[in-house]
Each structure stands twice: as C-alpha cells, then as structure tokens.
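For chain A, the structure is supplied; the task is to place chains B, C and D on it using the hints.
Respectively, the protein sequence lines represent chains A, B, C and D. Sequential numbering of the first sequence, starting at 1, is according to full-length UniProt numbering. Sequential numbering of the second sequence, starting at 1, is according to full-length UniProt numbering. Sequential numbering of the third sequence, starting at 1, is according to full-length UniProt numbering. Sequential numbering of the fourth sequence, starting at 1, is according to full-length UniProt numbering.
Because the hints were derived from the structure by calculation, they are not lab data. Hints may be right or wrong, so weigh each one.
Same chains, same names: a pair is fine if it fits in one copy or spans any two.
Only pairs whose alpha carbons sit at most 30 Å apart, straight line, appear in this in silico DSS-like list of lysine-lysine [to be verified]:
hint	residue 1	residue 2
1	107	353
2	335	40
3	308	163
4	353	342
5	163	173
Number of protein chains: 4
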Amino acid sequence: MNEESFDAGEQIVSPAYIRQGREARRSHEQLIRVLLEKGKCPQDAWGEGTIELFLRELAVMDSNNFLGNCGVGEREGRVASGMVSRRHYRLIHGIGRSGDISAVQPKAAGSSLLNKLTNSMVLDILRTAGVRTATSCFVVPMATGMSLTLCFLTLRHKRPKAKYILWPRIDQKSCFKSMITAGFEPVVIENVLEGDELRTDLKAVESRISELGAENILCIHSTTSCFAPRVPDRLEELAEICAKHDIPHIVNNAYGVQSSKCMHLIQQGARRGRIDAFVQSLDKNFMVPVGGAVVAGFNDSFLEEISKMYPGRASASPSLDVLITLLSLGASGYKNLLTERKELFTYLANELKALAAKHNERLLDTPHNPISLGLCHLEHHSQSADMFLRASCLTAMTILALT
Amino acid sequence: MNEESFDAGEQIVSPAYIRQGREARRSHEQLIRVLLEKGKCPQDAWGEGTIELFLRELAVMDSNNFLGNCGVGEREGRVASGMVSRRHYRLIHGIGRSGDISAVQPKAAGSSLLNKLTNSMVLDILRTAGVRTATSCFVVPMATGMSLTLCFLTLRHKRPKAKYILWPRIDQKSCFKSMITAGFEPVVIENVLEGDELRTDLKAVESRISELGAENILCIHSTTSCFAPRVPDRLEELAEICAKHDIPHIVNNAYGVQSSKCMHLIQQGARRGRIDAFVQSLDKNFMVPVGGAVVAGFNDSFLEEISKMYPGRASASPSLDVLITLLSLGASGYKNLLTERKELFTYLANELKALAAKHNERLLDTPHNPISLGLCHLEHHSQSADMFLRASCLTAMTILALT
Amino acid sequence: MNEESFDAGEQIVSPAYIRQGREARRSHEQLIRVLLEKGKCPQDAWGEGTIELFLRELAVMDSNNFLGNCGVGEREGRVASGMVSRRHYRLIHGIGRSGDISAVQPKAAGSSLLNKLTNSMVLDILRTAGVRTATSCFVVPMATGMSLTLCFLTLRHKRPKAKYILWPRIDQKSCFKSMITAGFEPVVIENVLEGDELRTDLKAVESRISELGAENILCIHSTTSCFAPRVPDRLEELAEICAKHDIPHIVNNAYGVQSSKCMHLIQQGARRGRIDAFVQSLDKNFMVPVGGAVVAGFNDSFLEEISKMYPGRASASPSLDVLITLLSLGASGYKNLLTERKELFTYLANELKALAAKHNERLLDTPHNPISLGLCHLEHHSQSADMFLRASCLTAMTILALT
Amino acid sequence: MNEESFDAGEQIVSPAYIRQGREARRSHEQLIRVLLEKGKCPQDAWGEGTIELFLRELAVMDSNNFLGNCGVGEREGRVASGMVSRRHYRLIHGIGRSGDISAVQPKAAGSSLLNKLTNSMVLDILRTAGVRTATSCFVVPMATGMSLTLCFLTLRHKRPKAKYILWPRIDQKSCFKSMITAGFEPVVIENVLEGDELRTDLKAVESRISELGAENILCIHSTTSCFAPRVPDRLEELAEICAKHDIPHIVNNAYGVQSSKCMHLIQQGARRGRIDAFVQSLDKNFMVPVGGAVVAGFNDSFLEEISKMYPGRASASPSLDVLITLLSLGASGYKNLLTERKELFTYLANELKALAAKHNERLLDTPHNPISLGLCHLEHHSQSADMFLRASCLTAMTILALT
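Chain A with its partners taken away, still in its complex shape (with noise of 0.2 Å):
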C-alpha cells in the first residue's frame, strides 16, 4: 500500500490506528531495505510474514505477473497451473540468460534480484564460516557432481592439451562421475594409512606431475568432507603444488561448510597455495531439498566464465529454497546450528566408543575427520589399509546432524 492507500484507509478506520499500521510496515520494509542495501544474510531471522511480503514484492517486478501484460513470445513465464504457479511463489522466469547463469533478465527484474542476493547472501554464510577471503559464488540447480563437471569443462577452454584429472581417491561414485562425464581421465592417488586415518599421499601426487607432466593435467581434484576413516585432503600442501607446478585446483567441499575444520582447509588452502573453486552441495549444507550447489572461489573472473559456461536458463527453484532458508534461519540461526552440529558430533562420538567397547568393536581414531565416524571389528585392526577400508565401510556411520 502507498501513502494514498493509507490515506484513504484513514477515511475508513481511524487515522491513529492507521498510523500505527502504517509504522508496522515500515519495520518489515527497513529489513527488506537492509538486506537489498547489505546483500548479507540478516543477523537476526526474518518472520513468514516478512519472507512472504519479500516474496510477493519480487514477484510483482517480474513480467510474468504485470497486469494487463500479453506476451507472444516463447519466454513468457505462462503457468497452467495455479498449484505450480503458488508454490513458486510466482516467480516463473528461472535465473540466468542464455549467456550466462548469473546474468539478470530483461523480463524479470524480480527473479534477477532473487538470483544476486541469494548467491550474496550465501557468499556471506561461506565467509562466516570460515573461508573469509572468497570473493564470489554462485547457486546453480544442479548436484554437486554436475557442478564439478562444470568446472572441468571450464578448465577444458584454459588447457586444450590437458587430458588428466589428479584425484586422491574417494570412494563417492558421483565424484568420479564429474570427472569422466567432462570427458577426462582420473588419475587415482591411493590414500595412505596414518594410525587410523587415510590420509593424501602427497608425494604420490608429486610423482605423477612429474610423470605425466604438468601442463597434460586439467587439475587436481581433492576433497575435504569424507567417510572415516579416510580424513578431509592436506588441502594446504595440495594447495602449494598446484602454485608450484601451475596446475588449476579444484575441491569437492560437499557437505563441508558445515564444518569448520573443512572451511580452515580451503581458507588456508587460498592463502597458502592455489585453490581455483570449492564446490559444495546446498541440501547437504543449508537443508534446503536436493538439487543445488554452490560454485565458490577466490577470483572473480574465474568464477565468471564458469557462470558463462551454462548454456540456458536455469531453475530458481534451489535458489528460492536457500534464500527462504537462509532469511527464517537469520546468520545467528545459521551459526546456531554449526555449534549444535559440533557438540552433537562430540557427543556421538563419545558414546559410540563406549558402545564399541560392549561390541567387542573400536571407534576409529580419526580426529583429522570432523564429521565422520567409524567402527572397526578389533581382529581387523592389523589387516592391510585396503582390508580395512572395505571393512569399516560396512558399519561406518556418518554423522552429521546438522538439525
């Protein structure tokens, strides 16, 4: 309502009642102000009420939703149906052009305002946690694995002659997934076992630099948040060799932003050696649905023409889903649920040792693994790292309980 909506309500109901509403209103549209003027996640969260009123005012901008608009074209964000309609809250246009999926669109100002401060928003949340010095970010509808791959084809432009992904092996099937569906070959680096921990073998990757030569190398591909017993990458030394040799680096920090020992990694990681874009999952990470993820790194221009590497128009969906979330959450209900998630995870951990120790079964000794946790039968304790992995994968418990 505009002032001569108000002004007219005063005729109607009386004029000091009418003032208070009007006072209400403009406590809801201060925080929409801040937000639009700050593009940070709000400290505090927002109520439904005020999401929704956001919500709405996007979507009048867009063109979808001008009264007496009628459009021929095959970009005109038509519904047929009202139940699809509402539960995108109208807002039909998707984010990015054809050229790029961080562009904003001609037709649908309100979309594109939803498109830049979600990622803002969440480039925020990822500073927060721990990786204070990345520059940009952007959401797109896709899983993590097809993220990756899209670095990779990024990558591909920058190095014609590069046929080889070094990659410290995970055993997660999408990740090795990203890398053949970009059409590159992985070069496996087995872990090495430390106590109970596997951890990178880095001069493993150093000789196969060597081996294959640089410049055939698309990136090495590493990995922070993992099932124990294998632990998060040496993300730092990893790091250095790609500075030292050239090398683009690529992380996979799936559901690691919840954590605060993955995001020092890649912190450190940037600021001691060379980290080109961590990828990480949006359901896993901000409990929104599956679908998402978020491309992050410390260069701009990189990050730009990864952005421009999505040929079409995207879905709005997982970005909406963050922006509701990260407003009803607020940044101190985000970092809430960090610490919840951390003093739960100790908790776990404590009580599944002693669990264990009725079971005739050990709690693996992984503290470099901030979110993982496994048991062992105690007779497989002295069989072969290879042994070892199979077996305690069969009764490893992930625990991230980040609720």
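Just chains B, C and D, lined up with the frame of chain A:
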C-alpha cells in the same frame, strides 16, 4: 518495498529493469488505492497475486504481526499453530469490539479495514443486484437464522410489550427457530393457493393484526426465496401494511440476492412501504463456505443498533471469504454469474417440462418463483392445497444453479 | 493409496522400497484411527504432514468434493474462489443442520466428523484442565458473549416468567451486553473489598433472591476470569445458593481454561452445588483466531437444548482451527503451555513487585486472581473500594502469557 | 484413512454418510490406481484436491516423513524451513542416485515414484504429440542447452576421436554454447534462401562430412523450432545422411512439442534415418517454470547411458511441476491447448498480413515454420539473404501462443 529498497535494487540489477518492476508494482497499488477510496467491488476481477499482496498488507497492520511486539494481555492475537495462522493470512484479531461488531479495533487496523471494506463492497453488490436504495449492511459470522434472531432481539428493546411475530408460513426449520430462539411466539399465516402457486394471504395478515393489536406484534417476518410451489411473499403489500400499522418488517432473503426478482421485491417494498432489515445467507449468494449472513437495511441507525447487539468480537473468517471472493470475481464476474443462473434456470424449466410429460408428471406453473421448480403427479392435480404441498415437496427440485 | 495402488507402485519402483513406504503410511493411519476411536486429544503432537493428510481425508468425504457430482440445490458447497476453498481445506459445508449445531449433515460426512471430533477433543482438554466431571461441550462460531446470550435464550423456554439475571459486577462490556441482548434485566451485585481483593458479596445475592423471588430470576451469571483487583467469583457458594433456590447457574469462564484455579472452582461448584453451563473463549484459551467459544456443562440434555437453539448451519472455521491446534500441540504440548504460563505469572508478579517499590507503587495483593495483576499508587491505599477500582484499572496489567 | 478408521467414523457419524464418504474416497483412489498401473497422462483433468491427496501419499512414503525416524546421515532430507518443506509438498530427496538420474532411491520410494511416473507420462504426451515411436525419455532439471551438452558428453565416450559437431546455423546463443561447453568445435552450416525461407543446406552438410571424415564428427546437431525466416531443419534428409555415414544425430526440439509439424519431422526422421536423441524445454512446451528439459529417444540403452552421465542426485522440482501440470490439464486439456495454439497462429498470421500491408511491410512467406512469423520492409526484398536475415530479425515476432 519502498523507494529506498528500489534504489538499492538498482545497484544489484539493471536500473531499467527495476524501474519496470516499480511501475508494475504501482499498477497493483493503484488497484488497492481505488478499492480503498471507493469502497466498491472493483469492476474487473483481481488476480490472486494482487489479492494476496493486499491481504499481506492488511496483516502487517495488525498488532500481532508487529515486529518486536511483546504483549501480555489476553487479546494479543497469539496463535499456536502455523497452519492456522497461514490459513487466516495472519489476520487473527477477528472483527468488531465488545461493543459493536462493526466497530474498529485499536490493535488491529488491518482487520478493521477488512471488516469495513467487506461491508462496503457487499453493500455495493446488494445495490447492483437490485436493492438500489439500501444504505447500509454488515456481515455477521452467523447463520441467516441466527442473524434474524439478532434482528428480533434488537426490536425487543424498541417494542418491549410485543410478544408475537407474524409469519407467512414457510417450511424451513431455521426460519421458525429464529423466532423461537429469540423468545417470541410465531403467528403462522397459512398461504393461499392461486393456480399452482402458494401465495401470501394478505387478508389473514390484516385480520391477525387487528385481532392481536399492532403494539403486541414485534414485526412481520416475510420471505422472498423459497421452494415451489410456494412463491415469494407479496412484499410490497406487506410493507404497506407494516407502514400503515407502524409494525417493523424483517425480510428473510436467504438465497435471494442471486435473483433479480427477489431483490426487486425488496426494493419495491422499501419504496412503497416499510422494510427495517433484510437478511441473506453468505454461502448461498456469494459462494463461500457456510456460516455467515448479511444484515442490510435502509436506515443506518437501526442497522447500527443491530450491530451493537452482538456481544463480543466476532470471527473475521466469513468476511475474509467474501472479500477474497468478490475481488476474485469482480463486479462483472458476479453479474455474469447472475445472468448465467437465470439462463440455466429457464433451460432447466423447459427440459423438466419435457421430461415430466413423459412420466405422467407435470411441472408446476409457478412463474413468481424465480429460483425453484416443482413437479407433481397429474392425478394430484385436483386435490386440496394441503395435499398438493406435501405431494410436491416429495418431488421438489431446487434449482439454484449459481455456478 | 489403496492396496492395488501399492501393488502397481511395486511394478515401478523396487517392491522393498514400496513396502517401506506402505509401512510408513500405516503409522500415519494408525494415529488417525486412534483419534477416531478414542475421540481424545492425542498425547503427542502430530506433524503438519499428518494433520494435512487427515484434513484431505475428511474433505474427500464431503459431497462438494465427490468426483462427478453435479448438484443443483442451494446447499452444494459451491465455492467461487480457489483461494477460499484452499484455506478451508475444501471443507465448505460448515457444521450442524438447521435443527441443531451439533447434528451431522447428510451431505458432509467429513465436516460432520470434524465437528464431532473437535467437540470430543475439547471436552477431553476441559477435563484434563480440571473440570473432570464435565460430560459434554460444543464449539460455537460465536463470541463468548453471544454464546452466553444463547444460553440465556435457552433458559427462557424453561423459565418463561423469569425477567432478571443476577450478576456479580464485572466491568467488561460484552458480559453485560450478553444479558441485554437476550432481553433480560441484569441485577448487578456489587463486590466487596477484602484486603486488596474485590470479592463476591454472597449476602447481597441471597437478599436479592428473596427480594425478587427465585422464580423471577432466569439464572445467576457468575464469572471466573477477571482483571485484578476483582477476583473470581465464589463459585462454590454461588452454586450452592443456586441449588438451594433451584435457580440455573451460567458461568462465564471466558479465559479461565488456562488457569487450574478457575477450572477447579467450576469443578467444585458443580460438585457441591449447581452449574448448568460454563462458557469459554476459544481464542483466549486455545490460541486460535478470534470468533469462537465453547459451551460446556454437566448435563447432556441441557447442552443439547442449547445446541438446538442455534437456527441454521454454522461456520466450521473455529472448529477447524481448534482441531488443527490441538493436533499440532498434543495434550502434552497443551499442558506444557499451562505450566509455563503459571511459572511466567509468578515470575512477572515478583518482577512487578520489585519494580513497583521503586516508583512509589504497590502490587496489589490478589492471591485469588491467578491470571491478572494490578498496581496501585500508595496514596490511594486508604481510599474507598470504588476509587481504588478505578485507580487500579488505569494501571492494571493483564498477564495471560499463554505463549 | 483405512478400514478401521472408517469403522470408527461410523460410531461418530451416521454409518450411511460414512459409507458415502468411503465410496467417494474410492473414486479418488481409483484415479490414482489407474495412473500407477498405466503410467499414462490421464485423459481427463484431475481436480486440485485429488492431486494434493496423491502428492501427500507420495510424501509419506519418503523416509524424511517417516514418523519416529531419526537419521544421522548426510542424506536424510532434513529441511530447516517449513515454508520450503511445504512448497515441495515435503518431497525433499530429489530424484535419481549418484549413479543414474533415473534410478530409484532406497530412502525415497515416493520421490522415486514421482520421478518414474513423470517420465512415463511425459513419454505418453510426446507420443500423443506426434513422435509415436519414441521409446523412452527422462526429465532433467537443466536447461535445454545444458541437456544437449550432456548428450554430447555421452557421445564422446562412444566416439573418442570425434572433435566436430555439424550444426546448421541457428542464431540462439545457448545452442551454440551447448557444444562449446561440451568441448567440441561447432562446424556451422550456413542455410540457403528458398523463397523467403532459410533452409538447411544439405549439400554443404555432405561436403563437410567428406571433408572432415565421418569418424571425426561427434554428431549432427539439428533444430526444429526456430525463428522465421529460418524454418525447421530438413530432418528426414539429415537423418538419412546420419544413417548413411553412421553419425549420431541429436535434435534440438526446444519448443517443438507444441507443434505437430515439428513432432512429425522427428517421427519421420527416426523412421527413415537416424535420430539418437531429441531434447525439449519443459517451460516452453509444458507451461512450467524455467529450468527443466526432456531428453527423449528411440533407443532405451542410449537414453540410459545419458541418464547415467549425470553425476549426483538432482532436483525433483521440474518433475514435480510437470506432474502437477499434466494431471491438472489431463491429456485432453493438453491436446486442446495444442489445437488452440494452432488456430491462434493462423489467426495472428492473417491479422499480421493485413497490418503489414498498411505499413509498407510484408509478412514473410514461411509456410514451413509453424511457430514463428517475420515481417520485412518491402524495399529489403531484393537484397541478399544475409541482409535479409538481419533486417527480418529486427522485426521478428515469435508467436508461441500456447496459452
């Protein structure tokens, strides 16, 4: 979003696009402004997006949605369930104050606007539908019968000696109960058979008045909408009798707004004689869920007296339903429904006539009843009115195809 | 989905997974079954998913949602606006029939179940909250005051000679109006000051009864919940007086369900004397939107008489709100709110006492009032009760922190 | 509600009414059963009530909605915001597994059914719309361009030597980028002017094949839907060339499902020659929000290979939108839209022709383009094809009035 928010938006997304969005917002605001200024049902239907935007705007003006509000009173609009809150668009305070169901509430400027606007729009519709000189009306969250009771209870204070209500017979339970509940003695006036139609016995009315004494009669309680073979009461003549004897006149117009004939009768009655109030059902005339009625009349102060009889604040739910419905239809949409119903009624009458002929039945000839039709076995034709009524009731088909 | 659908599902998705889903469905069904069998508020809260599932199930049982249905009557549950339909979960038929607000409707098995279940669950809560011997109750979509009016109108038929209602004074407009609207003459019994408290003057009640004659008195209209310095009426003694003189007794328990003391008074009154009905507000005790009340009592046939006085079908909206709210809280959640409120009240009393001392004020000593506190200037202390009342009203703070 | 619940309901409400409700429920269940058994888009539209009921049923089968479930893994479908949960109907797990976007998920039987059913219904529509011999398809939550990229990446593994994609020129950025992103070199085949139309230069295609060598060509990338004066590619001839030289053939059918001509071309191409996959946009053909595509083909195993290339689980949002949309339209509703679009197109062409005549313009004669029209200044008529193209592009009007 206010001007500052739009300015901030221009820093994020191209100013040209934001300007377009701002323009688009203005066109929604324009609709809202005109509604508030005129207080009339808009000619053209509003889209759901605009309606929702408007309801959000109303809600933020209610104190339960004030940011940072912390009330300790018993009337704070606290709601335990989010589902409940959402389905009422966060409008929780109901309508009216303990003193008056039409009064504004200090804590709820938005709900108060909702209440006033709905009443104003419904009055507009009642006038459009044929009662052009109606001066005020209000929605009550009570059945038609209970609303009639409220009218009778109001009249009691003006006619403390009166014990009787004169009531041309209509076989609907709630009409009868409305008088009993109010504590009065219904004096039933049997109808007379004219052709196939059962019509008001005006002579019987006059004779009962002289018999009982006008001052002992609370009011005449007449009816427009009814099932064939009964037809609407002779409202003009009844209104003249009321004027002559200074007896109040309350009209049960339960499902009569949909029929121009019923509305015309009320208009003519008020012009030529006396009608104190006419009451109609919300669900039957406005296609909303069961549970509300509209009390309308030609005398603001009497209507105000009725509205001041309701002890307590009342549910806003029926008002909200009517508001949404009228905005989503627009005056033109409502009028189209009226026209369509009339056409369907004629169509159905013709088809029924043909059908009846095949089954040794006969469609009753009840031209004065614009909303109901009756079938009758041919052999019953020669029998008395009383038998006739019962026979026809068994096969009566009501045709209020207001869809 | 029925068995055949699950079987078909097994052809599409692995049977093992479908079986798990089928099991999961059964656990929701189990909750619904127990609710229907016991008719009690479930101990544990239901999730929104289960509540919605249940409401959909109810809705499909109403004739307006029958597939292929084509009604031409005036009671078909037609709704013009999809927004309206959705916010009522497609339950359109309201509750009750023209004859009885508690009756089931032939066209609406789902709405009828909703109505019956809600009443049954509310009775369960009233008992749990302290009135253990209450035998029946029903929700009405009317304010507490209007519901009291309905009780008085019902009594009129049983006591045709009665003109007066004895009413220990309480300064709330709608209480007074509830009697005026019903057409009775309130006989105000001034309270007496005992310490800081204003309490029922039992002698005055007795003397007015002998003065006016018991048969001329419709009922005693007492009150539990009130603002300090008034305290709840001496219900036990009033109930005994009513029993002795065979005078009905209607209790205004507007916001008393939340207080074990108020409920205890009613229980004791019913045990030692006579209470015909007690009426409470829905919004104040069940945290739903304004507009409903619960009429409860100890005598099924009298309660039935009241429910049969409502002429017409009524809005199901308040019943739906209560149903959703109780399911989403569970009995345990509701009890937690009661406990929390009591604790907060004590906390607030202590804090106010300390605050008052600093400002030359005094917290009134009103131990019999469990829901309201009053402050008073020290110098007013020696003045008359009347002055005192007014002074304290100015600074009274109601503390119904049921949140 | 199961049988026991209905039995319990009969104790509360009249058994006859409950039986009726139970019957009504069965008719909804019947619709669901047939859908699951046939896997086809139902002929008649479903009401919103049935669709919501079905989605609730699917949701309760997913593990995140299991009552009493307490998962500690990283894939538990946890959602922080109720708003987000509700807008996805509590279907949180996305679609597919890390290995395959079409695979079922152990933790999400409901989401898996959703995925399979949607693909099955879309295939039904594609066949109905004209590609009668299509054997499989799947929805991907990616833009058409990105989906084409996925097809090219899949072909890379089958044709490791291939570097080139033959591409009859079409001036849309994302088509071009789809090849670049996949890392291939587009070989642009300029179109030839025939009358007003720009058509595929088949000779040029043949000569580039012999020049480059068939084994070095990844595929021919042809287009159906395009802006006038370009017309759909000569798909039959291209498909024959592909068959002859054993070159894969990927068709960009971005907005072609709506046009029987485009669909007929694909059907004929597949019958007479070779088409490996054809890709279409969801929003343009199914009137859902931007962000999804359908990859379809005639060879199940190739389609499976593509679906296995997507690394990770994917957003179910586009699939859910299509499912809701197709159920709410029904096959007959969808077909009506197709017919209406065709009629509107003819109408618009005629009106534009008349309008053009008044302004010294001319409607281009492009009978092979069923979805776009172009205007041209008369004086440009005699100029070269290249000039012509640019001039007409400036004034081109796309007419995809699928509304």
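Quiz item: Of the hints stated earlier, which fail here?
Solution: none
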